[in-house]
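J.: Listed here are the chains, written in short residue letters.
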Amino acid sequence: MLALIAKDLLLEWRHKEQLAAPAVFALLAATLFVFAVDPTPAELTRLGPGALWVSFLFAGTLGLGKVFAPEERDDALTALLLAPVDRTALFLAKAASAALFMGFMEALMTPVFFALFDLPLLPILGRFVLVAGLATAGFSLLGTLLGFLTSRASARELLLPILALPLTLPLLIAAAKATRILLEGPAGPRFADLHLWLTLMLAFDVVFGVLCCWGFERVVEE
Amino acid sequence: MIPLVIATAAAFLVALGAIALYAPLEAVQGVAQKIFYIHVPLAWCAFVAVGVLLVSSLRFLRRSEPRHDRLARAAAEVGIVFATLVLVTGSLWGKAVWGTWWTWDGRLTSTLVLWFLLAGYVLLRSLSEGPPARTARAAAVLGVIAAVDIPIIHLSVQWWRTLHPDPVVLRAGDIGGGLTPRMLTTLSISLAAFSLLLVTLIALRRRIAEAEDEVEALWHLPGRGDLAA
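Quick mapping for you: the protein sequence lines, in order, are chains P and W.
Residues -2 to 219, numbered by the working numbering, are exactly what the first sequence covers, in order.
Residues 1314 to 1542, numbered by the working numbering, are exactly what the second sequence covers, in order.
One chain only, chain P, in its complex shape (with noise of 0.2 Å):
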């Protein structure tokens, strides 16, 4: 399982631009925002959170599509299913090797995010990395078995968007929820119900990490 999310990476490092462009896609949407709205530095702790996930989601998806597009060529995917390696943990190296992705795209963008927005990032960065990381490792795990549903259908660029993002919804309002949380500080008035939405994201990531591990075994058993 570590090979194949080593074989993953390394192909990635070889394509450099490919691992930037999805970071470049969301501080586009961020600062498309940020011109279309128009905030005071007052309410952009209250619409910055919402505006850092939708760009990361959105960005999160072109990443996604990627993740079975080296095994189609040559039927690679055929080789790898032939190989002895447990369904499960194929799936799941592959859901790693997104959830990498998106996570290192987060990584760059988060600090610029803050600073363009003008909001503290330093004192809330530990519960933020646990946001992301739950959020990361949900939508990575719901992304990756869409992507491997959308595979042949054309136009699959559009619909892995249009399947992903309605299904991670909850994923959405929770990361959002919790980073405007973190911002207000532990005086802020919802600060009693940030472990509300951690451990909704907890239980989201537990439900589809299984679901999705049953599907795809399901999907390539042929």
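Be aware that one or more of the hints could be misleading.
[What the hints assert, rightly or not] Here are some chain W residues pointing at chain P (derived, C-beta under 7 Å): (1) Ser1423; (2) Leu1425; (3) Phe1429; (4) Gly1433; (5) Leu1436; (6) Ser1441; (7) Arg1450; (8) Leu1455; (9) Asp1462; (10) Ile1466.
[To be verified] Taking CB as the label site, the calculated pair distances span: (11) W/Val1341 - P/Leu193: 46 to 56 Å; (12) W/Leu1405 - P/Leu155: 26 to 36 Å; (13) P/Leu79 - W/Ala1446: 18 to 28 Å; (14) P/Ala112 - W/Arg1380: 50 to 60 Å.
These are calculated hints, taken from the structure and not from any lab test.
Quick reminder that beta carbons are idealized off the backbone N, C-alpha and C, glycines included.
Following the hints, put chain W in place on chain P, whose structure we already have.
T.: Just chain W now, kept in the frame of chain P:
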């Protein structure tokens, strides 16, 4: 099939008659309240369609029998029609009673997301180009995942609203509470008529799916490949 269609048509005549003539005029909302007798059964049918989608997808994944796949396909397509009508009738009623076409209330928003999920399912089926058997399996897995996700989405949307700092100005009032016996009878008749409509539409759609599969099979007969080109 024809008796089913006739029964549905007859049930609708009775239901429309009951809604127009038998159901009393609600004191506050007036005639607009009568949309309720159409809106609620539509919502009920949309959720039943999702239930059918879930069960037949699971059955298809276990047995791989094409008839379960056709039922899932039919339920999803009919479900999206009902979900669309739920949103439209809800909007009309909202405009008349609340004074607004739309409010980002938990129930409305979940219904909208349900619509997106069904639309995604139908799009996946229609855009997939691989072998039909693989498309069917992919769609069945999506059907199960979407159906499991719906309660989670509903919960998160509910929390999203209720935990929102801004007060909810407009709430979907507790309309089910104060129903008079006549209203309840009308609702039951309408519910029966719409349920019959759901069954009829799914049955018709399933028959079309059978024909589609037959055509598909003929298309792939040996020696017919040149026709496809």
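J.: Against this structure, judge whether each hint is valid.
T.: Hints, one by one, checked against the model:
1. Ser1423: Given a least distance of 10 Å, the restraint on W/Ser1423 is violated.
2. Leu1425: 9 Å, violated
3. Phe1429: This interface hint holds because 4 Å falls under the 7 Å limit.
4. Gly1433: Since chain P brings a Cβ to about 4 Å from W/Gly1433, closer than 7 Å, the hint holds.
5. Leu1436: Holds: closest Cβ of chain P sits about 6 Å from W/Leu1436, inside 7 Å.
6. Ser1441: Given a least distance of 5 Å, the restraint on W/Ser1441 holds.
7. Arg1450: 5 Å, holds
8. Leu1455: 6 Å, holds
9. Asp1462: Hint on W/Asp1462: holds, closest Cβ of chain P at ~5 Å, below 7 Å.
10. Ile1466: Check passed: Cβ of W/Ile1466 comes within 5 Å of chain P, closer than 7 Å.
11. W/Val1341 - P/Leu193: 46 to 56 Å: 36 Å, violated
12. W/Leu1405 - P/Leu155: 26 to 36 Å: With a Cβ separation near 31 Å, W/Leu1405 and P/Leu155 satisfy 26 to 36 Å, so the hint holds.
13. P/Leu79 - W/Ala1446: 18 to 28 Å: Because 19 Å falls inside the window, the suggested range holds.
14. P/Ala112 - W/Arg1380: 50 to 60 Å: 58 Å, holds
In summary, the numbered hints that this structure violates are 1, 2 and 11.
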